[in-house]
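J.: In case you want the letters, here they are:
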Amino acid sequence: MVLSQKLHEAFKGTVERITGPRTVSAFKEKGVLSVSEFVIAGDNLVAKCPTWSWESGEPSKRKPYLPPEKQFLITRNVPCLRRAASVEEEYEASGGEVLIDNEDNDGWLATHGKPKETRSDEDEDLPSMESLEISKKNSIQPINSYMGGEEEDDIPDMAEFEEVDNIIETDPSTYLVAHEPDDDNILRTRTYDVSITYDKYYQTPRIWLTGYDESRMLLQPELVLEDVSQDHARKTVTIEDHPHLPGKHASVHPCRHGAVMKKIIDVLMSRGVEPEVDKYLFLFLKFMASVIPTIEYDYTMDFDLGSSSH
Amino acid sequence: MAEHEPKGSLLQFAPMQSSVDEGFWHRLSSLKLNKLGIDDSPIPITGFYAPCSHSQVSNHLTLLAESLPSESSEASLAPEPSRGNRNRCSVPGILYNTNTVESFHALDKHNLLKEEARKIWDDIQTGKAVEDSAVLSRFLLISFADLKKWNFHYWFAFPALMLDPPANVVNLKPASQWLSLEEAESLSTACNEWRSSRSTADVPFFLVSIDSNSRATVRHLKDWEACQSDAQKILFGFYDPCHLPNNPGWPLRNFLALISARWNLKTVQFFCYRENRGFADMGLSIIGEALITVPQGWRDNIPNAVGWELNKGRKISRCIRLAQSMDPTRLAVSAA
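Top to bottom, those sequences are chains L and C.
Under the working numbering, the first residue of the first sequence carries the number 1, and numbering increases by one thereafter.
Under the working numbering, the first residue of the second sequence carries the number 311, and numbering increases by one thereafter.
The set of hints was computed from the structure by calculation and includes no laboratory data.
All clues given are correct.
The calculated lysine to aspartate or glutamate pairs, modelled on DMTMM-like cross-linking and capped at a C-alpha distance of 20 Å, are:
# : chain 1 : residue 1 : chain 2 : residue 2
1 : C       : K622      : L       : D213
2 : C       : K424      : C       : D474
3 : C       : K625      : L       : E214
4 : C       : K622      : L       : E214
5 : C       : K622      : L       : D171
6 : L       : K248      : C       : D637
7 : C       : K424      : L       : D171
8 : C       : K342      : L       : E58
Can you make the complete structure from the sequences, with help from the hints?
T.: Right under this line is the structure:
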């Protein structure tokens, strides 16, 4: 994290402590949610997409302005069958839709025909997250996960225990699922725990990602960035402490969420649809799908976005 | 007659897979440092699982921070019960956390597994497993928490009682093909109701009775006798974490042991319940017939058990390194 980011976090924390949570609805005017609207929208998400549930998280991290059993939303074990970077390459190759950063710094709008950048051959093999400030700072070895498999020198090699261990299991009824991926597609299957918290400062939901490799070992947050649209990864996805869970997690920074949600709501209203606040998270998750295009979390209920105005 | 019956093929089960949330190791560390000290007596823990909810990935037995007892001194050393969450069916487990890497390797894994298998068998014999079916999936975790390096060595076991000889399977196919259209629709509705009711959402083993009007009802295991009179067909259903189209998941193993030991059935129609995006999916769910041929005396002794989890196909423990998120020195440096 760069210094300016840290200063901002400290500032944000102070403001959050001394200001009360939003109680008046500004959903249509500003695209933001009050605390009670967040709970209403969350209840509706859980009801319509039951893979999501409310959780209370770490007792020491509980926010007093949210009900204790409804601190944040989570869906676990969401598949991510391929990397976002490879999807974008395919799009670019076919001249299809890509995400651009415009001057307004909106960054979320899709448009047509981004000119393919000329890259040198060696660039193509490098992970594009290299340009991220977060990964520059950390000197992390490019291993696939926290999972050691006992490689470090100071740890006794488990292989020597393999033979002496007293496990004698021969069982014809065990169907062994291949853990050694021989197919490229299997190798690329990761799973994610996706959570949504309420950001009191920005008064919007905020999304967090915890990644696991194909044997369900924790991924380093930096590797999670491979599953984030690279255009967004460069500026909007950061690695921070989760407000309700231990450890560092990747998160889509909420500084533009209100503005983008306001735009989405304006578009709906211009089409004569009156947006309802309990649908907020469906809209929000659809919008998030442009940032994390390959993580197949559930927001796809059949719903009308609001009641049609007459 | 028996000579002409199909013998089928060997029924093979996809092993349960483990998944440990970072929060579990954080709470274990603080429990160890602030409460347990060098006390290494086994700790009751709770694992969580849910039916498979995607055609391409299986669900896992997951450990979270809440799997461990709370640290507060007045609370007893038992995890807080959480009931009614459909995405978190509780499974009782036990944790042996050793103080040294040597004692971790010295644990008698054969006997530890046998001990847990005996508990499952006892619950089958006494009928407790019929009342509270979660005990059928009881599990075991051994670990060594190296709090100097923030490395955690661990190994899961999911004890499965073995039928001897093993069961065969016939007519295994998607539930949508096995059942008539009316039956499949009725079963789908009944399962969704079961899963959305707070009192049954996390009850992982159940009975399905289908009457002569193709109407399906999901019922508790303890209603087995009552089902005999009014059902045309009875299926033995369970929440299947596995996504494979041709294999049931691990929980069916102890379920078959229960069915065989308690009700002495030779042919068991089993229903592997799976979901898509949180709703019953009869295309992903599978139904098959298990043919059980255990001899009369099989249930007089505790059956053998298997179930140590493999690590990438090998019989070795796993290790996770969390220095980056737990080591106070590193955290101080990265915060500077």
